[in-house]
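S.K.: This is what each chain is made of:
Number of protein chains: 4
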Amino acid sequence: MIIVMRPRASEEEINFVKAQVEAFGFQAHPIYGEVKTVIGVIGDKTGFDSEVFFNMPGVETVVPIMKPYKLVSRELKSENTIVNVDGVKMGGKRLVVIAGPCAIESEKQIKEIAHAVKNAGAVMLRGGAYKPRTSPYAFQGLGEEGLKLLNYAGKEASLKTVTEVIDPRDVELVSSYVDMLQIGARNMQNYRLLQEIGASKKPVILKRGLSATIEEWLMAAEYILYNGNPNVVLCERGIRTYETATRNTLDISAVPLLKNLTHLPVIVDPSHATGLSNLISPVSLGVVAAGADGLIIEVHNDPAHALSDGPQSILPQHFAELMSKLENISVTVGRSI
Amino acid sequence: MIIVMRPRASEEEINFVKAQVEAFGFQAHPIYGEVKTVIGVIGDKTGFDSEVFFNMPGVETVVPIMKPYKLVSRELKSENTIVNVDGVKMGGKRLVVIAGPCAIESEKQIKEIAHAVKNAGAVMLRGGAYKPRTSPYAFQGLGEEGLKLLNYAGKEASLKTVTEVIDPRDVELVSSYVDMLQIGARNMQNYRLLQEIGASKKPVILKRGLSATIEEWLMAAEYILYNGNPNVVLCERGIRTYETATRNTLDISAVPLLKNLTHLPVIVDPSHATGLSNLISPVSLGVVAAGADGLIIEVHNDPAHALSDGPQSILPQHFAELMSKLENISVTVGRSI
Amino acid sequence: MIIVMRPRASEEEINFVKAQVEAFGFQAHPIYGEVKTVIGVIGDKTGFDSEVFFNMPGVETVVPIMKPYKLVSRELKSENTIVNVDGVKMGGKRLVVIAGPCAIESEKQIKEIAHAVKNAGAVMLRGGAYKPRTSPYAFQGLGEEGLKLLNYAGKEASLKTVTEVIDPRDVELVSSYVDMLQIGARNMQNYRLLQEIGASKKPVILKRGLSATIEEWLMAAEYILYNGNPNVVLCERGIRTYETATRNTLDISAVPLLKNLTHLPVIVDPSHATGLSNLISPVSLGVVAAGADGLIIEVHNDPAHALSDGPQSILPQHFAELMSKLENISVTVGRSI
Amino acid sequence: MIIVMRPRASEEEINFVKAQVEAFGFQAHPIYGEVKTVIGVIGDKTGFDSEVFFNMPGVETVVPIMKPYKLVSRELKSENTIVNVDGVKMGGKRLVVIAGPCAIESEKQIKEIAHAVKNAGAVMLRGGAYKPRTSPYAFQGLGEEGLKLLNYAGKEASLKTVTEVIDPRDVELVSSYVDMLQIGARNMQNYRLLQEIGASKKPVILKRGLSATIEEWLMAAEYILYNGNPNVVLCERGIRTYETATRNTLDISAVPLLKNLTHLPVIVDPSHATGLSNLISPVSLGVVAAGADGLIIEVHNDPAHALSDGPQSILPQHFAELMSKLENISVTVGRSI
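Chains as they are written, first to last, in the numbering used here: chain A, 134 to 470; chain B, 134 to 470; chain C, 134 to 470; chain D, 134 to 470.
Please note: incorrect hints may appear among the correct ones.
Derived DSSO-like pairs: lysine-lysine, alpha-carbon spacing no greater than 27 Å straight-line [as the list claims (entries may be wrong)]:
{"hint": "1", "chain 1": "C", "residue 1": "LYS200", "chain 2": "A", "residue 2": "LYS151"}
{"hint": "2", "chain 1": "B", "residue 1": "LYS200", "chain 2": "D", "residue 2": "LYS169"}
{"hint": "3", "chain 1": "A", "residue 1": "LYS203", "chain 2": "C", "residue 2": "LYS169"}
{"hint": "4", "chain 1": "D", "residue 1": "LYS222", "chain 2": "B", "residue 2": "LYS169"}
{"hint": "5", "chain 1": "A", "residue 1": "LYS200", "chain 2": "C", "residue 2": "LYS151"}
{"hint": "6", "chain 1": "B", "residue 1": "LYS151", "chain 2": "D", "residue 2": "LYS151"}
{"hint": "7", "chain 1": "A", "residue 1": "LYS169", "chain 2": "C", "residue 2": "LYS210"}
{"hint": "8", "chain 1": "B", "residue 1": "LYS169", "chain 2": "D", "residue 2": "LYS151"}
{"hint": "9", "chain 1": "B", "residue 1": "LYS293", "chain 2": "B", "residue 2": "LYS334"}
{"hint": "10", "chain 1": "C", "residue 1": "LYS458", "chain 2": "A", "residue 2": "LYS169"}
{"hint": "11", "chain 1": "D", "residue 1": "LYS203", "chain 2": "B", "residue 2": "LYS169"}
{"hint": "12", "chain 1": "D", "residue 1": "LYS200", "chain 2": "B", "residue 2": "LYS200"}
{"hint": "13", "chain 1": "D", "residue 1": "LYS200", "chain 2": "B", "residue 2": "LYS169"}
{"hint": "14", "chain 1": "B", "residue 1": "LYS458", "chain 2": "C", "residue 2": "LYS458"}
{"hint": "15", "chain 1": "D", "residue 1": "LYS458", "chain 2": "A", "residue 2": "LYS226"}
{"hint": "16", "chain 1": "D", "residue 1": "LYS178", "chain 2": "B", "residue 2": "LYS169"}
Derived from the structure by calculation, the hints contain no laboratory data.
Based on the sequences and whatever the hints tell you, model everything.
M.R.: Quick look at the structure:
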């Protein structure tokens, strides 16, 4: 950490800050510039709140030097983490494709889609039973009934299953029906939910918050690992920007950047990221070429009648076409599918 | 709702969409333009998911015409809602100023600050017992012990109390200690928390999410009213933008805009919005001049040693100076303090 | 400047960077932390491109410590700059209100508005003769004919005049007709235009770019001062964010922040910032309470028939009402109008 | 265009708006909903400013239905435009890779890089002679001397050349030295520059503005076509968002979206988009897989000593490795290189 003093900070102010730094158990190394003095602070500052220095007399700002995360860091663990979802390995050589409807609506719907995506090559089935909806008037999901349907459909089609959990009280119940949990964008900083899932050890997909920085996202993952669960998969799903032509802005650079910063697997959700069905195929190819470990894609059997869905889903036949293109790209970048 | 058809949509596609509109129980009114046809959809679409039309053949886009919120709307209820917090009325003529530390740290700390802000004219005491911290290593608040200290300090200084609740399981416990709840920015779309607080009837401050639109924010408030609790106060606390010179960007226009759109009281948190102690006073004057119903301000007795705080708090003497300026501005805009 | 080395940077890499720092004529002060080494770089780095260090072996990042601007800085010149526009002083005790139509359309229009805003208390007349329009098909302004009309109307109503210049080739011509130039948001980083206006000495309003940081904005002003023209007034006009309920997001915090960072006057354009006529009055009061030195407001005599205008203009009677409220707020914050 | 009336708009207000619509020569088609009335406006509104309706009594908002651009639209011209840069065809089957230094610094530098990128497979040489720099103290480019060096180097290495023009007065001069012009992000809405280049017919790369929407960007291209020059190539170079881990956020979705909306070629600049040399290779592969027609990449021979450059350039050997990966990806998506 570097404490930057104001241009005309007095010797007395500098000495006070130095004394405070040392009182907290750190070493202080001042550098006297022509205009400003900066004080390097040496020592392990994990959990220390650097803001304490901001209000000291003569201090202009505080610049952190160390990353605030540890357990998720590539520096701590250089080899890739492979998250094993009952046999499906995420983060390894094989590209993992998860597919399914936005919301589970009926037994017929989820089973039909399950078989269709299985045939096309997906290895995991997604489907929402608890939907975080912007409107209290909108369909909120089938709840536990939906979990049962997802479970049946997954077993029947030999697909692992993943679904979103939105309440810390539901973690155990949801875990009993599915192979993997998902934390949605709106709950990325729901710390109680992160803690419960951290305690549960269940594999989990952690979606990036609507406007979360890479660092905040990694800190959310750190919460889960810190509470005991190392089975975290990060999922880029687009960020909120000024651009309205797409639902969100897919941050493709986040994929290789995360592969540098962390050992955790990184997948991408092109459906929420773009919100437009005709963009899903090209951006899926793009993020896989850029190094993503997998994809989670919304597929619907009859989008015209979906209860919670819309323009961000594709039909099974389009999904199958995409899978065959993905196979070619995967090989080109040294992966299998 | 207006359904916009693609430039070369066929008569057959247009008729299919019309038939679907009618099958959902609405009336369809097509307008045939030179290049595109649009279809006006008449009928009550509360809770209806307009996205269903997006994937129909020939549809380009769907444009909503009605606001998605009802209960919070000024159109439904034209007079201002006055939220009564055990005698302190928010949303009326009197400007309500809430002050206190970011986190409750000790009995001495919270009591000293309580007396200081009371003497300066504050009517409610804030202080965090459960802190949603970006890092799992950072101080997370004193929990129930903090709630007790806040309760004592409020009683001793004759101030109403408000604190943040971050877990739906804590709503009852927290409500037993304080006069008003707060939903933080990170939990604005934690729907289970909104539902529990909706069921509790306790007055609540709903902070705007880090990157929530005005409409999403009003929809979050709608959740609380829909679940039975009309005592909601909206709090603008800055939004996330590309600008890094301030912690967030205070959206002053949101204040008069919300006063047009909703009957709920609107207050502002200049501390989180700016993140810089020397900006708190001028922007507080600004938002009151623009029509805010109140302010919530972080005050610390010794910021140099705060456990969770930093550059966004001011000292009691600066708070007292600000209160005297606020008094003048309040009178100028026809309010008292 | 602080050069941060990677966690496992070698002694050789550190020494190479130190040697490079010294080769550029600076002093290098390394601090050896437990994980990372940082190197403080002492010396005048004006115009030096710190990015040169980024690609050196073992370097993680470079953190600037000094502000990149000098001439506009409050540190260089502590007293406020008063920009004198032929007798109208901007940046002093008096709040300066500039008003007029978006575009000059006819002699009748500009004269009527000139008299109306003069009667209400405005001291300067605005009006566009060269309009930077998003569409090539839209009205682009009357050009030199518009400048003449603005000049006549200003003289007749005893108002100083200001208009936008969009081409470095027009600076001399435009300057011959008006008292003050304006650089629009889209041209904030049109460096050739900044240089020409810098050379001209004409007082100039420099609007903030659509998504310019405070620092980039001050650097644009620095260009003008560096080229010889100290008569720069900064104008906050809203920034681009994800929020679409208003045209832009007015950054009120920028006003007091700039008053700390620079000696230049700071005014606000509430018309472009909000894009909604019913928000202009409350936010105008707000920014004046927060310390703005003036306002530039769009006023139209018959908005229903404006050629380039729309919902962000107000009528003369609304402007007159606003002026009377501004007088009260001005007095409260120690200014006159 | 749809005019949306306020909830309680009177019959008189509705009739007034209808009459105005007809007075402008359009047809008005009202739809009377339960709460709101909307008025469909039929007729060619090219260049018509819809904002005129905003201020009419009873009007809530105006919703455009038609795209504001015509000449650049895929609807007008369904086949791809091939921009021919003296034999290099952009927008066809072949992926076009442009490479070179950020700024031209010396004869030795530009020639060395030219040969290196030519050997690796690049077909065009980039290099800045006029640099739009944030700071007036920074190196502004070699000017005409730089143009000459670029011209020599291009000829010697058999590469076409492209460089940025920042002033409408320079278009002719710059055109005399290079094969293709570039309009930088800061000048995307410098309309006088767009007009001059439109009149010149010279092939031109139009970079997306720092925070330009897709629509604004296409409108900027429309200016160039409208002024007579059809040889426009769009270049995505990252947009400004809240994320600071990368210099900008590369909007990969923009590539396939633009391919749908316009017939113009679309290339990507991964160097400015990411600002980090180790991300250039993965995102380059990604955007090509997503359908980009080409890339423009910064390559430097000795980044440690660049005058205007830094962490966003790669060395020739890394560029050569990237080219070989691009060849594989190109084949996979049905292109050659």
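S.K.: Hints broken by the structure, by number, lowest first?
M.R.: 4 and 10
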